[in-house]
Amino acid sequence: MGFQDTAGLYSAAAALRLALFTFFPALPDLLTSRVEVSTPVTSFKRLQEGLFLYNHNVSPYDGGVYHQAPLLLPLFSLLPDASTYPFFTYLLYILVDIASAHALYKIAESGEAATSKLFTSARKDRQWSGYVVAAIFLFNPFTIATCLGRPTSVFTTCAILHAIVKAISGNPLTSMLALSFAAYLSMYPIILLPPLILLAYDRQHPSNKTISLLPFAGITVLTVATSLSTLFAISYLLTGSWEFFSSTYGIQLTLTDLTPNVGLWWYFFIEMFDSFRSFFLGVFWLHLSSYMGGLSIRIRSQPLATITILLSIFSIFKPYPSIADISLSLAVVPLFRHVFPLMRYTFFAASTILYSAFLGPAFYYLWIYAGSGNANFFYAITLVWSLGQSLLVSDLTFAVLRDEWEVERPEMGKLLSFFTPTVDGDEIMARFVDDTEARGSVLIAADGSSSMTLSLLGEPGTLYALPARFMGVTAVLSEDEMKPLRSINPLFSQGAHPGTGYFMWFSVLSTAETNGSLGPG
Amino acid sequence: MRSFLSYLIPPLFIFSDVLASDYHEQLNLKPLPQSSLLASFNFRSNTSLSQFEAHNFRYFPRSLGQILQHVGTRELHLRFSLGRWDAESWGARPWDGTKEGGTGVELWAWLEADTEEEADLKWLTLTNALSGLFCASLNFIDETRTTRPVMSFQPEGDHGSTLDNMHLLHGVLPHEIVCTENLTPFLKLLPCKGKAGISSLLNGHKLFDASWQSMAIDVRPICPLGQECVLQIEQTIDMVLDIERSKRPRGNPIPRPPPGHDLKCNASKPYHSGDTCFPSDFAEGEDWSLDRIFGKSLKGTCPLTDPDAPPVCIHVPERRDIFTTPGASEMKSPDGLSRCYQVPSEGDFSMMLPRMSREGDNAKTVADETVQPETPLLYAERSFTGHGQDRGGVQSILTNPSPDTIVEFVYMESLPWFMRIYLHTLQARVEGTSGAKDDIVEEIYYRPALDRVRGTQLELRVRIPPASTVFLTYDFEKSILRYTEYPPDANRGFDVAAAIITILPSTSPGAPPSRQKTSNLRTTSLLLSLPTPDFSMPYNVIIFTSTAIALAFGGVYNLLVRRFVGADEGAEVAGGLKGKLTLLVAKLSAKFKGAKGKVE
Chain S
-6 MGFQDTAGLY SAAAALRLAL FTFFPALPDL LTSRVEVSTP VTSFKRLQEG
44 LFLYNHNVSP YDGGVYHQAP LLLPLFSLLP DASTYPFFTY LLYILVDIAS
94 AHALYKIAES GEAATSKLFT SARKDRQWSG YVVAAIFLFN PFTIATCLGR
144 PTSVFTTCAI LHAIVKAISG NPLTSMLALS FAAYLSMYPI ILLPPLILLA
194 YDRQHPSNKT ISLLPFAGIT VLTVATSLST LFAISYLLTG SWEFFSSTYG
244 IQLTLTDLTP NVGLWWYFFI EMFDSFRSFF LGVFWLHLSS YMGGLSIRIR
294 SQPLATITIL LSIFSIFKPY PSIADISLSL AVVPLFRHVF PLMRYTFFAA
344 STILYSAFLG PAFYYLWIYA GSGNANFFYA ITLVWSLGQS LLVSDLTFAV
394 LRDEWEVERP EMGKLLSFFT PTVDGDEIMA RFVDDTEARG SVLIAADGSS
444 SMTLSLLGEP GTLYALPARF MGVTAVLSED EMKPLRSINP LFSQGAHPGT
494 GYFMWFSVLS TAETNGSLGP G
Chain F
173 MRSFLSYLIP PLFIFSDVLA SDYHEQLNLK PLPQSSLLAS FNFRSNTSLS
223 QFEAHNFRYF PRSLGQILQH VGTRELHLRF SLGRWDAESW GARPWDGTKE
273 GGTGVELWAW LEADTEEEAD LKWLTLTNAL SGLFCASLNF IDETRTTRPV
323 MSFQPEGDHG STLDNMHLLH GVLPHEIVCT ENLTPFLKLL PCKGKAGISS
373 LLNGHKLFDA SWQSMAIDVR PICPLGQECV LQIEQTIDMV LDIERSKRPR
423 GNPIPRPPPG HDLKCNASKP YHSGDTCFPS DFAEGEDWSL DRIFGKSLKG
473 TCPLTDPDAP PVCIHVPERR DIFTTPGASE MKSPDGLSRC YQVPSEGDFS
523 MMLPRMSREG DNAKTVADET VQPETPLLYA ERSFTGHGQD RGGVQSILTN
573 PSPDTIVEFV YMESLPWFMR IYLHTLQARV EGTSGAKDDI VEEIYYRPAL
623 DRVRGTQLEL RVRIPPASTV FLTYDFEKSI LRYTEYPPDA NRGFDVAAAI
673 ITILPSTSPG APPSRQKTSN LRTTSLLLSL PTPDFSMPYN VIIFTSTAIA
723 LAFGGVYNLL VRRFVGADEG AEVAGGLKGK LTLLVAKLSA KFKGAKGKVE
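Sequence lines, in order, name chains S and F.
Going by the working numbering, the residue at position 288 of the first sequence is 281; the numbering climbs one at a time, nothing skipped.
Numbering-wise, the working numbering comes out as the position in the second sequence, counting from 1, plus 172.
Please keep in mind that the hints were generated in silico from the structure rather than gathered at the bench.
Ideal Cβ positions, reconstructed from N, Cα and C, are used throughout, including at glycine.
Careful: at least some of the hints might be erroneous.
[Unchecked claim] Covered, in the sense of this in silico footprint (three residues per stretch, anywhere, with C-beta under 8 Å from a C-beta of chain S), are these stretches of chain F:
1) 390 to 396
2) 560 to 568
3) 713 to 726
[Said to hold, decoys possible] Here are the computed distance ranges between Cβ atoms for each label pair:
4) F:734 <-> S:73: 26 to 36 Å
5) F:625 <-> S:200: 54 to 64 Å
6) F:625 <-> S:210: 32 to 42 Å
7) F:616 <-> S:77: 52 to 62 Å
8) F:597 <-> S:9: 21 to 31 Å
9) F:397 <-> S:73: 51 to 61 Å
10) F:597 <-> S:278: 53 to 63 Å
11) F:741 <-> S:444: 18 to 28 Å
12) F:740 <-> S:465: 37 to 47 Å
13) F:734 <-> S:461: 42 to 52 Å
Using the sequences and the hints, build the whole thing.
Here it is as structure tokens:
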């Protein structure tokens, strides 16, 4: 789990980004201006405007442009001016990407996705290594585009991933600090608190295992509250007023800026009737936060799965989503490589997402620049984009639940694919078609006439054709009609004809309906 | 009428100080190049402040006076403007641009109030009252269109110590179309109400047909040294008429191609000959008369006006022939560039400027016809850059034509909130003089817009070196609005108010008199097109989006609330709620049957 394994990967990713920054100097600004990359609450251009106002002693929150957290201002003030020395900004964003990738690497290497404290998947050996997961994140075109577009959501991504990795490694307090920072930057990550508490609780150091869940949750919530209040107090000291609250978080609650983005909110609230606006804002937020409880309870044994599903849901349903959110969601989903075979609509969901990723910019162009389309074009594609992602989410949920169920009910739905003695020869390992396996000292095949076990042994179980014909008849007879037969034998009789080889056999069965032994009622 | 007034007026003059309360009107005509005529009407009346406060309004219009008293307005400026002043050919603006507004309606006033909130409330009352008085949509000057300029406007009147609790508020309605219904109340404020004197020439058909026009009302207190303070109302109408267009008869207003022999040709073209004609853009040496271009003659003088001041003046060179109706006396100014006419107090007055022959013994040149217009201190142009409906830029080109003087001015923009400007992209680039430094912006006052609350206010103090051009550019983003916030003609776009440029008086002691006072100019207004949603879609969007959310929510919760079983176990475990209910019903019916049995 050292840095050496991944140094090559990280330098390749950094080199790719630096090359893009260097050889396409217009690309960062082009991506910054794209609605798919920059939202009103993350845009780099708005950050620069806020920074400009901040450096000229105008409150950036007394205006409609800057809606980002106050602490970003001194951070970026320390950097040399982004328009004259963009290199330092690029470097910062590359480093943040690598820090996120390293967190992902550690999450994947911990194996938490398949082996949590309360649950061990039968497919745990099918996981991807941290190297692969980190590479998928770093070379995802969405991640690269996000890095070049420089939205501030990358800091939220980095903080969320570090909150997870710290929770897994048994540092609940650090994890809560990281989560507070994410929530401070973007507000919505606070919804991740319950599953993260569960994750941190499950992964505590064995030394302090005595504490039960409720006090533990109390302490962690208190930590988050304290660190958030500290961050708010620092922000107040920085800006000199509480204006940043309504500007940074109020806008996410009231959606006053309706700039188009890849989500569902903007067009809905453009077209919403004024009298229902607040009601639907409430409904949308309620919907976004409703998944937290259900998922945390139902998938209690796998808090990381809950977090993954929640992150994917955020990238669809948060007020100002961008491709930075889907890059985070696509970064954590590969942790669950082992349940991919259980997903049913991967092809459909993947092609929907791909198709809308290409058509979205085209339709935006038709609407805004060419004028040959209208707003519905872009709206329709965001609808498809969201549907594709929600299909992926529900499919992943299904796969995780099915994986859990197969551990509960190992007998269900198993089909042997092959078996082989283990290397040391002590045991037999049987692998099933759903990529699970079982080990034991004896393999008993009770799988019927067309037995897989037999065919694997080279003696495929078949049916033999006998040179005989057989015909059976059943007849219901009355007591009188039965008498001649009963006179032969009260139960059964059989006999063979020596000349023809015919064989005859009959049996008599007296049932309750006919012999009158059936009681009344 | 005259006899009635003559009885009425002498007693009035006896009881008041003539200096403190007078009325003055004058029409200044100035032929401009390209066959245009600038007509400036100026009406000014004073009333002493003490009389005004005692509700003795005299020549001050009562309707306006009562509004001003009610809301504690100390100084008021109202402008109704239309068209574009072509500075390149017409030169400097009349009144140094101080009596013109941006396209549409512009209002600024100094209100007396203790707090900003009180000033806002008074401003609201003022705009609503003026809206009713002038039949203009001034009531739409809400908080998003109101600014409090910091550097651009200075009070014109003498306020003394009251200045401390005065609040300057400024509002523009660039979309307002100025028309006849605004002229009628304007004329009603005049003592002679358009019935006599120079105001009898004013006619909506001519005024709003002008290439450029500006109606202004200025109310300000003036305290001459050692005399009582007076409240002065000055009403001004400036218009630039296209002489040829104005001469078109009312009964036959549709322009038709003139017959070949009447065609005016541009003889400077090389191919000009007897059978080829390149029509000239404008007729040179056009003859005109006052009654033809205004559609009627001047009806005597207003009996209330100062009898010594000549009511009509014209700025033409000495050699220009002018004929007037009999009874008028001509007074030439010593510099030979203007002459004024004393008009008979009764009867019609008109003046005629005949076509001046360019040939023959007494040939006249252009210089004999019009006075060469003055070069303005500054040329300003403003336009949008970029394409598409999500972002753009604004470029203002400001040129200092003077070869030796520096021009210092304040450039003020008040932009609507849905035009989201990025101040960090503001750049001022100088072209012209070599070695000019780029940091010509000396001071910036910026108040960013807040969505749906207030617009952007940007004031820049700039110094332009001589003979150079400044390019001011900045980027902005176009917001998309809620569908109810668009006007009915959403795809026409939104008007963005003119930038107001206030040229500051020169600080050097040897500056010419024209440089020692503040002058103004305004750019044209701009048309901003915003991205529009589909206005017919609200139900569809609500339904589609809700469906997408329901699918996701259903997809996830359908899994979360279910227990997984094998397909063959379905019936047996179908228990759950349904099974429990069946059991309960069976129990109940058994009890019921049992009870029934006991009774029997």
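Checked hints:
no.	hint	result
1	390 to 396	violated (count 0)
2	560 to 568	holds (count 4)
3	713 to 726	holds (count 9)
4	F:734 <-> S:73: 26 to 36 Å	violated, 57 Å
5	F:625 <-> S:200: 54 to 64 Å	holds, 56 Å
6	F:625 <-> S:210: 32 to 42 Å	holds, 41 Å
7	F:616 <-> S:77: 52 to 62 Å	violated, 20 Å
8	F:597 <-> S:9: 21 to 31 Å	holds, 29 Å
9	F:397 <-> S:73: 51 to 61 Å	holds, 59 Å
10	F:597 <-> S:278: 53 to 63 Å	violated, 34 Å
11	F:741 <-> S:444: 18 to 28 Å	holds, 24 Å
12	F:740 <-> S:465: 37 to 47 Å	violated, 27 Å
13	F:734 <-> S:461: 42 to 52 Å	holds, 50 Å
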